[in-house]
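Taken in order, these protein sequences are the chains called A and B.
Just so you know, the first sequence maps onto residues 1 to 495 in the working numbering.
Just so you know, the second sequence maps onto residues 1001 to 1495 in the working numbering.
What the hints contain is simulated information worked out from the structure, not anything from laboratory work.
Heads up, a few of these hints could be off.
Claimed, not checked - Listed below are the simulated DSSO-like cross-link pairs for lysine-lysine, each with C-alpha atoms no more than 27 angstroms apart in a straight line:
| # | chain 1 | residue 1 | chain 2 | residue 2 |
| --- | --- | --- | --- | --- |
| 1 | A | K208 | B | K1099 |
| 2 | B | K1099 | A | K9 |
| 3 | B | K1298 | A | K87 |
| 4 | B | K1408 | B | K1457 |
| 5 | B | K1261 | A | K87 |
Fair warning: this is a prediction, and the values are worked out from it, not measured in the lab.
Protein chains: 2
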Amino acid sequence: MSYQKLPYKQNLTLFTDLYQLTMGQVYWAEGMAEWESVFHHFYRANPSGGGHTVAAGLEFLIDYLTNLRFEEDDIKYLTSVPGNDGKPLFRIEYLQYLKNLEFSCDVDAVPEGTVMFPHEPLVRVKGHLLMAQFVETALLNLINYPTAIATHAARIAWAAGEMPVLDFSARRAPGIDGAFTATRSAYIGGFAGTSNVWAARHLGIPAKDIKGTMAHSLVMSFDTELEAFTAYARAMPNNCLFLVDTYGTIEGVRHAIEVGKQLRANGFEMLGIRLDSGDLARLSRRARRMLDEADFRKASIVATNDLNEFLIQSLRNQDAMITVWGVGTNLMTPSLAGVYKLAAIRKPGGDWTPKIKLSDQPIKVSIPGTLQVRRYRTLNGNIADCIYDEHTDISQGGTMISMKDQTKQMRLPPNAQSHNLLVPVMRGGQPVYQLPTIEQIRHHRMVELHHVSDSTKRFDNPDEYRVGLEKSLYLQRENLIIERRGVSDWEHEAL
Amino acid sequence: MSYQKLPYKQNLTLFTDLYQLTMGQVYWAEGMAEWESVFHHFYRANPSGGGHTVAAGLEFLIDYLTNLRFEEDDIKYLTSVPGNDGKPLFRIEYLQYLKNLEFSCDVDAVPEGTVMFPHEPLVRVKGHLLMAQFVETALLNLINYPTAIATHAARIAWAAGEMPVLDFSARRAPGIDGAFTATRSAYIGGFAGTSNVWAARHLGIPAKDIKGTMAHSLVMSFDTELEAFTAYARAMPNNCLFLVDTYGTIEGVRHAIEVGKQLRANGFEMLGIRLDSGDLARLSRRARRMLDEADFRKASIVATNDLNEFLIQSLRNQDAMITVWGVGTNLMTPSLAGVYKLAAIRKPGGDWTPKIKLSDQPIKVSIPGTLQVRRYRTLNGNIADCIYDEHTDISQGGTMISMKDQTKQMRLPPNAQSHNLLVPVMRGGQPVYQLPTIEQIRHHRMVELHHVSDSTKRFDNPDEYRVGLEKSLYLQRENLIIERRGVSDWEHEAL
Chain A
1 MSYQKLPYKQ NLTLFTDLYQ LTMGQVYWAE GMAEWESVFH HFYRANPSGG GHTVAAGLEF
61 LIDYLTNLRF EEDDIKYLTS VPGNDGKPLF RIEYLQYLKN LEFSCDVDAV PEGTVMFPHE
121 PLVRVKGHLL MAQFVETALL NLINYPTAIA THAARIAWAA GEMPVLDFSA RRAPGIDGAF
181 TATRSAYIGG FAGTSNVWAA RHLGIPAKDI KGTMAHSLVM SFDTELEAFT AYARAMPNNC
241 LFLVDTYGTI EGVRHAIEVG KQLRANGFEM LGIRLDSGDL ARLSRRARRM LDEADFRKAS
301 IVATNDLNEF LIQSLRNQDA MITVWGVGTN LMTPSLAGVY KLAAIRKPGG DWTPKIKLSD
361 QPIKVSIPGT LQVRRYRTLN GNIADCIYDE HTDISQGGTM ISMKDQTKQM RLPPNAQSHN
421 LLVPVMRGGQ PVYQLPTIEQ IRHHRMVELH HVSDSTKRFD NPDEYRVGLE KSLYLQRENL
481 IIERRGVSDW EHEAL
Chain B
1001 MSYQKLPYKQ NLTLFTDLYQ LTMGQVYWAE GMAEWESVFH HFYRANPSGG GHTVAAGLEF
1061 LIDYLTNLRF EEDDIKYLTS VPGNDGKPLF RIEYLQYLKN LEFSCDVDAV PEGTVMFPHE
1121 PLVRVKGHLL MAQFVETALL NLINYPTAIA THAARIAWAA GEMPVLDFSA RRAPGIDGAF
1181 TATRSAYIGG FAGTSNVWAA RHLGIPAKDI KGTMAHSLVM SFDTELEAFT AYARAMPNNC
1241 LFLVDTYGTI EGVRHAIEVG KQLRANGFEM LGIRLDSGDL ARLSRRARRM LDEADFRKAS
1301 IVATNDLNEF LIQSLRNQDA MITVWGVGTN LMTPSLAGVY KLAAIRKPGG DWTPKIKLSD
1361 QPIKVSIPGT LQVRRYRTLN GNIADCIYDE HTDISQGGTM ISMKDQTKQM RLPPNAQSHN
1421 LLVPVMRGGQ PVYQLPTIEQ IRHHRMVELH HVSDSTKRFD NPDEYRVGLE KSLYLQRENL
1481 IIERRGVSDW EHEAL
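Construct all of the structure, not just a fragment, from the sequences and the given hints.
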């Protein structure tokens, strides 16, 4: 069963910031709507202070773009939006134009699970100016959050090493599809399973990876903990993982062992116990000793309680005897601060004009051109990524320059293996990309992370991976900045 | 137009943690499924370190509960979920039982927009044990996140004082319905408008409150900023708010003034300008001076750029001349850490038995009983809230005791105005609650916050509002703790 559609019953075309529609009216009125344009989606800093990012969300984006059209009732609604004088904001002729519009752009994007670095485009949209602009809001929404969560999940899974991590985020996730997206991104990021039945079903996550056992309320519903465990074992002898901290953890472990022995006598094996409060390091060591002494050496010790990558790392450093990690609340993370910027424009019959956005903050100055990213790799891992304009031939080598420090330069290694990160996704608005399964995406992420060094993956002060601009692109950008800057605010302030 | 349904095309019944279904099988197998139970949704600490919380999300919850049923294909899917031995986790007879089940519980809840404090129930579910347990996951999902956002929005709106705050969160929000929920909660929390067209439409937010003008890409699409502003003014003279920082803010303000004069000559008035980068305090003062000197005294200065309540407060303290605040990324906030706990149970023909969950952390010990909250109020504002068991008559007064410090006691003022916070929402699974409009919810929030003191609303070290347990409830809880504790982990550790 494979999920291909966003789970909404309403048409999503109006899921947009109002200004996309007002800007569209300007392009339309000025006869610019059908000019060609290039927009890039990228971000400026890795989430969580880390050294890398794991791309996700593309499948949702393709679904949105494929179904993008203005229906009669969308148009009707837009006629009701007033301008400041109470009169309609939109002209009827413009709305009619929208009604006949189809998404006709070319889209190139990095496959989900690809490891990315700041300033590298995750998605490139090329074509019809009005449409390429219009899709900004949904594109950012559908890529930013899944990417942040996939990245965070990969960090957590990395902290847990070989041990499985389970997604228990449904109750703290931001809405039904916030949970849905979190479960999908967590699975892509390397989580072993989820408690979210609806998400697993509609995402095609194998049913064996849906996990869960009991809450405190089950224990409380019975007169004693022992009765609760016994009843559970009667009803589901093949799913016995006992939550032991409802009244007191040590006593709870004793009860689990007692019921575990009964189970074994009946030919079943207790899966283990779950700790949900208290000093997890100390309690897990004590529980392990008790379980081992009772000959339940294979019984798992699952830990939950606001875990994140740092707590997991800390608990492992304290020799906690935890074998499975459940993460809920802290899978949630701030969204990736991804942006979508115009980079080039072409009037009918004209040439491409590169476009730049300035800022007093150098990191916020955009990169003009039709960008592609080339990744250089040896058997030992990635060497560097070069951002270049697709119209420049770098197949025979070249030089790249760091955007942060122009004294850092590097020859593009002519003999290294290399490949372009952006792949064709849509042409003329039609999908041309074979959607991978969620298992394939997960595998891709695994291979990608394998090529990233541990020093880039570490949490504290991660090593900065080498990303540069191809030299001619670098120089073009520099010239554009100087040319555009004109009388700068610096000068204005000084005057 | 009023939105009454969650925006999903799939049935949401399986939106649940797996363990709700496994626990259900235990209750069913033990003949306990139809015992009566009481569960409360509450939280232990106000979000963002604040002094209060604004409840939200109830409308979504009622929609979910009203449509809760297991369909044929849900049942079929559940037969595919394996236990640890690869054999089915669920028994066919149990799944048949689920298929015939309807939600039949009583639900009491606080109206959306009500101001709440730690340990006070926001929702109470009473009835059929299996069903009351089953709804936990969706209930927490549908209440926790909207409540956190509504609270955060109210903080931001409070920081902005009389000035309007606009919701620009769609691009950074967690998924389509994450954005939808954020827009709804922001509006309830006091935001003046939103850029999210889809959300506004389906939530019934007035079309006049949908806001937005232009992005940097519009300015970049033209050869010069002045041409871009001029073209915008031609296309939409009744919506001119110019984004001035694409190339340089001061120069941008000059261009805005130039086009503003043209607009005025044609009988239209420029709405204002938007600042999106740089030192907002300094630039806004400079822009204000320029606008005033050019006789655009009423022109707004809208500020955006990762604003939150602290930045708004700081900018106001720096005499920033900002008149409208746009908030996006930082409207998002961690979810409320709300929990849902069993508090009492009744076997057929028996009496209610109070239930308690222990913990080494005193704050995590639950409150047993069928709880209600009574709020005491004078003309000057709220005095205190008393949590009591509904079976206790407090109409003639009584005493309440702080859960944190039992030496803090207070007589319930017999002459003060008071009312119960939980109101009937469903009876026997049928809705009995007249859903308010979003405008009514917003108004209720406004009145509620009016009764909360500024010292409780402040951000730093807010004054703790008085919440206590009615004395007989307090004593019952204390006795249950001692009785249940038995041989505690303290003692185990010492042995």
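Results for each hint:
1. At most 27 angstroms may separate the alpha-carbon atoms for a hinted pair to count; K208/A and K1099/B meet this at roughly 22 angstroms.
2. Only pairs whose Cα atoms come within 27 angstroms are accepted, and K1099/B paired with K9/A is accepted, the gap being roughly 24 angstroms.
3. Only pairs whose Cα atoms come within 27 angstroms are accepted, and K1298/B paired with K87/A is accepted, the gap being roughly 20 angstroms.
4. Proximity of K1408/B to K1457/B is assessed by CA-CA distance (about 22 angstroms); at most 27 angstroms being required, the pair is judged to hold.
5. Proposed proximity of K1261/B and K87/A is supported: the alpha carbons are some 21 angstroms apart, at most 27 angstroms.
In this structure, none of the earlier numbered hints is contradicted; all agree with it.
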